[in-house]
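Participant: Spelled out, the chains give:
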Amino acid sequence: EDKVVQSPLSLVVHEGDTVTLNCSYEVTNFRSLLWYKQEKKAPTFLFMLTSSGIEKKSGRLSSILDKKELFSILNITATQTGDSAVYLCAVEAGNNNDMRFGAGTRLTVKP
Amino acid sequence: EPEVTQTPSHQVTQMGQEVILRCVPISNHLYFYWYRQILGQKVEFLVSFYNNEISEKSEIFDDQFSVERPDGSNFTLKIRSTKLEDSAMYFCATHRDFVKNIQYFGAGTRLSVL
Chain Y
1 EDKVVQSPLS LVVHEGDTVT LNCSYEVTNF RSLLWYKQEK KAPTFLFMLT SSGIEKKSGR
61 LSSILDKKEL FSILNITATQ TGDSAVYLCA VEAGNNNDMR FGAGTRLTVK P
Chain P
1001 EPEVTQTPSH QVTQMGQEVI LRCVPISNHL YFYWYRQILG QKVEFLVSFY NNEISEKSEI
1061 FDDQFSVERP DGSNFTLKIR STKLEDSAMY FCATHRDFVK NIQYFGAGTR LSVL
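Same order as they appear, the protein sequences are chains Y and P. At the far end of the first sequence sits residue 111, using my numbering, and the numbering has no gaps. At the far end of the second sequence sits residue 1114, using my numbering, and the numbering has no gaps.
Just so you know, these hints were derived from the structure itself, not from any lab. A couple of the hints might just be wrong.
Said to hold, decoys possible - The calculated DSBU-like cross-link candidates involving lysine-lysine, where the alpha carbons are at most 30 Å apart (straight line), are:
#	chain 1	residue 1	chain 2	residue 2
1	Y	Lys57	Y	Lys67
2	Y	Lys37	P	Lys1057
3	Y	Lys40	P	Lys1057
4	Y	Lys3	P	Lys1083
5	Y	Lys110	Y	Lys68
6	Y	Lys67	P	Lys1042
7	P	Lys1078	P	Lys1057
8	Y	Lys3	Y	Lys67
9	Y	Lys68	P	Lys1057
As the list claims (entries may be wrong) - Covered stretches of chain P, as calculated for chain Y (at least 3 residues, CB under 8 Å):
#	region
10	1015-1026
11	1073-1082
12	1089-1096
Glycine included, every Cβ here is placed at the ideal spot set by N, Cα and C.
Modelling step: build the complete structure from the supplied sequences, incorporating the hints.
Facilitator: Right under this line is the structure:
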C-alpha cells in the first residue's frame, strides 16, 4: 500500500525562525513529489520534484528530493505570519497522475 | 490567472439524497480529478478522469459515486444516496497533459449531510 508520511504534524515557531518540514514515502512506480500550501481551502501548488538532489527555490521556500532515501524536505527561512498554513506533501505514483497525500504539517508562525 | 472553479461552495443535503458537485476545469486542461478531505483529516484521492473515462479510482469511490463530463466543460461528481460520512470538502483538480502534470485545485465544495 502506498504511504506518504509527513512530520512533524504540527509546528509552532516565531517570525524569523527557519523551519524544515519532512515527507517520506513508500510507493510503487514513483513519478514525482509535490508540495502544496493549504490555507483556508484549496491547496496551492509550491513545488514539483522529480529528480534527486536538485534544489528548487521560490523566495524563502526551497525543497529537495532524495529518491534513494525516499524523502523530501521543505525549508522556509525567515518565516512570516503569512506562512501559517498546512503544508501538504503529495506523491504521484503508478501509471496515472493521481496523487497520494500525507496528513500535512500545520505550521503556525507567531509574531 | 486561469483557475479551476467549483460550485456550489457549500451544499447541505439530507441523508439519502443525491448531490451533484460541479467543476469547471482550466480551459486547456485534459486530466481531471476529485479528492475529498474530511474535516481534520488528510486529502484523499477519489477518481481520475481522462478522455471521457475513468482512469483510476480509489476504494472510497464505490457504486454510490459517479463522474462525467456531460457538456465538454463541466466535470461533475455525483453521489447517489448520501450518507453522513460523505460530509467533507470535495476538491476538483486538473492538469493540462501528461508532461505538464502539475495539478491545480479548485476552492472546493463543502458537503454537509444531515
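Participant: Could you work out which of the previously given hints the structure breaks and list their numbers from low to high?
Facilitator: Failing hints, ascending: 5, 10 and 11.
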